[in-house]
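Colleague: Numbering-wise, UniProt numbering puts 318 at position 318 of the sequence shown, and it's gapless, one number per residue.
Hints may be right or wrong, so weigh each one.
[Said to hold, decoys possible] No farther apart than 25 Å at their CA atoms in a straight line, the calculated lysine to any residue pairs in the SDA-like style are these:
#	residue 1	residue 2
1	Lys163	Val271
2	Lys349	Ala308
3	Lys267	Ile250
4	Lys181	Pro231
5	Lys376	Ala345
6	Lys40	Lys112
7	Lys205	Leu229
8	Lys242	Leu178
9	Lys45	Asp78
10	Lys163	Lys267
11	Lys192	Asp81
12	Lys225	Val204
13	Lys208	Thr138
14	Lys406	Val323
15	Lys406	Lys451
16	Lys451	Thr397
17	Lys355	Asn383
18	Lys278	Asn263
19	Lys208	Asp78
20	Lys373	Thr339
21	Lys181	Gly286
22	Lys313	Gly327
23	Lys45	Leu122
24	Lys420	Ser274
25	Lys283	Phe264
26	Lys371	Arg391
27	Lys39	Lys110
28	Lys110	Ile34
29	Lys352	Glu335
30	Lys420	Ile459
Read the hints as simulated data drawn from the structure, not as lab findings.
Computed from a prediction, not measured in an experiment: that's the story for all the values here.
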Amino acid sequence: MNEAPDFILFLGRFHPLVVHLPIGFLIFAFLLEILGRKKKFEATKAAIPLAIFLGFASSVVACVLGYMLSLSGDYNNDALDTHFWFGLATTALTLLAWLIRVEIIKLPNKNKVRVNISTITLVVILLGATGHYGGNLTHGGDYLTKYAPFNKKEKRVLATIDKVDDAIVFDYLAQPILENKCASCHNESKKKGGLSFQDSISIVKGGKSGATLIAGNALESEMIKRVLLNPDHEDFMPPEGKTPLTTEEIDILTYWINQADANFSSKVSTVETSEDIKQIASKMLGFKGTHKKGQTDLPTVNKVSEEALRTIKAEGFVLKELVFDSGLYEAVLPENSITENNASALDIKLEKLSKIKNNIIWLYLENNQLKDKHLKQISQFENVQKLVIDRNNITDTGLYALRDHKSLNSLNVYNTSITKASLKTFSSMKNLQKVYAWHTTINNNDLNEHKPEDGPEIILGN
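Please model the complete structure; the sequences and the hints are all you need to start from.
Modeller: In structure tokens:
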């Protein structure tokens, strides 16, 4: 099937906005019908024909936009058809109700009142059904009844285990992450990008953009590639408004794809598992574990004033509070905000950002003319745990400024000018757990020559 033009899909995305208009008009007409039966409110009946007509007109627009939105192919066909036909039925009955109300369709006087109230009541019932099935498309088939006291649907309960080694990697570790962070947009009712995380068959099938999973190669798997993008990137997952995956969650998914070969039945005991992963798994499963390298507690900091936030946002930074009411932020400078033509502006932006340096725990500065001198400034951001500075002219000299950083546990320096000399710098960073360094001069031979006892994992890709 040919993909719909972008402009059609653009218009279709107004459907969730426009669809609320007929809801408002038709419920308003229904309420006027009820009130108008009382003598003191009888005059309100005069507004009913207009309310019904506006409800019909806006229903037509909503149907057209809804059809445009359906062309994206992101929705389950059966659920979509149900919503579609209920929507058309509601629109058609609304037209009928209006024609009867304005007496284009004439009825005997003795039947008028009964037919008018019957048709508008049926319109509201159909409206509710249409909205319900539309909600199912967006949120999943059990959205309305999931927490209802009468819902006796049994949830799948995992067997109790006594130790981490007994856990099935996918069922106990990977799947809960996918359900919490991904399934709201990727389920059988709503398949964004043609992808569903409903079950193993759907996950393996993948979506429109390629292989969701490539067993043994997490960096080439769409699932991991998307979550490692700059949050400002249009393909970053999860999308804006959703809670991003933590470093630990990404580590678990990477572990499942690489070490467990994306197998859906492998146990931790049968898979090569690092101590760091065991610590994360222990925490997820509620087992006690020791505090290991890379597991940095969130710092307690002072809140940032609204004025300070506005000042920093005015410099082009995108700020997102990562934990509600914590005062801890992710700071993103969108790619190419700094070019060769305005390179000096980066000094000013970092100076402004440094005013809340203790509140920044994730910092993205990729592809923004970052130089070695700027890393000395960034080294003063003592609470930063995740630093993304790829595709910048960074060398070993600049990275050396980070050697004593005590909080950093994830560093992305891919496609920079660093060499194997930086391996010693990485090892000196007490809490560093992962370094993404593909497309640098560092190779596997360099890693084999430099094998510190407790150094970070250096990820080179293929």
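Colleague: A separate judgement is required for each hint: does it hold in the structure or not?
Modeller: Verification of the hints:
1. Restraint check: the Cα-Cα separation between Lys163 and Val271 comes to about 15 Å, which is no more than 25 Å; the hinted pair holds.
2. For the given pair, Lys349 sits about 13 Å from Ala308 by alpha-carbon distance, which is consistent with the 25 Å threshold.
3. Distance check on the hinted pair: Lys267 and Ile250 sit about 19 Å apart at the alpha-carbon level, within 25 Å; holds.
4. Pair hint Lys181 plus Pro231 holds up; C-alpha atoms about 15 Å apart against a cutoff of 25 Å.
5. In summary, the hint linking Lys376 to Ala345 is supported, as the alpha carbons are separated by about 17 Å, within the 25 Å threshold.
6. Restraint check: the Cα-Cα separation between Lys40 and Lys112 comes to about 20 Å, which is no more than 25 Å; the hinted pair holds.
7. Distance hint between Lys205 and Leu229 is fulfilled; the C-alpha atoms sit about 23 Å from each other, no more than 25 Å.
8. Proximity of Lys242 to Leu178 is assessed by CA-CA distance (about 13 Å); at most 25 Å being required, the pair is judged to hold.
9. This hinted pair does not check out: Lys45 and Asp78 have alpha carbons roughly 39 Å apart, beyond 25 Å.
10. For the suggested pair Lys163 and Lys267, the alpha carbons sit about 11 Å apart, so the restraint of at most 25 Å is met.
11. The hinted pair formed by Lys192 and Asp81 meets the criterion: a straight-line CA distance of about 17 Å does not exceed 25 Å.
12. Distance check on the hinted pair: Lys225 and Val204 sit about 16 Å apart at the alpha-carbon level, within 25 Å; holds.
13. A hinted pair counts as satisfied when its Cα atoms are at most 25 Å apart, and Lys208 with Thr138 qualifies at roughly 19 Å.
14. With a C-alpha separation of about 21 Å, the suggested pair Lys406 and Val323 falls inside the 25 Å cut-off, and the hint holds.
15. Between the alpha carbons of Lys406 and Lys451 the distance comes to roughly 21 Å, so the proposed pair stays at or under 25 Å and holds.
16. Note on Lys451 and Thr397: the hinted pairing holds, with a Cα-Cα distance of about 21 Å set against a maximum of 25 Å.
17. Only pairs whose Cα atoms come within 25 Å are accepted, and Lys355 paired with Asn383 is accepted, the gap being roughly 13 Å.
18. Distance restraint check for Lys278 and Asn263: the Cα-Cα separation of roughly 18 Å lies within the 25 Å cut-off, and the hinted pair is therefore satisfied.
19. Straight-line distance between C-alpha atoms of Lys208 and Asp78 comes to about 19 Å, which keeps the hinted pair within the 25 Å bound.
20. With a C-alpha separation of about 16 Å, the suggested pairing of Lys373 with Thr339 holds against the 25 Å cut-off.
21. Between Lys181 and Gly286 the CA atoms are separated by roughly 20 Å; this keeps the pair inside 25 Å, and the hint holds.
22. As the CA atoms of Lys313 and Gly327 are separated by approximately 15 Å, the hinted pair is consistent with the 25 Å bound.
23. Proposed proximity of Lys45 and Leu122 is supported: the alpha carbons are some 18 Å apart, at most 25 Å.
24. Of the supplied pair hints, the one linking Lys420 and Ser274 holds, its CA atoms being roughly 24 Å apart against a limit of 25 Å.
25. Restraint check: the Cα-Cα separation between Lys283 and Phe264 comes to about 21 Å, which is no more than 25 Å; the hinted pair holds.
26. Distance hint between Lys371 and Arg391 is fulfilled; the C-alpha atoms sit about 11 Å from each other, no more than 25 Å.
27. The suggested pairing of Lys39 with Lys110 holds, with an alpha-carbon distance near 19 Å, which does not exceed 25 Å.
28. About 18 Å separates the Cα atoms of Lys110 and Ile34, which keeps this hinted pair within 25 Å; it holds.
29. Under the criterion of a C-alpha separation no larger than 25 Å, the hint pairing Lys352 with Glu335 is consistent with the structure, at around 18 Å.
30. Note on Lys420 and Ile459: the hinted pairing holds, with a Cα-Cα distance of about 13 Å set against a maximum of 25 Å.
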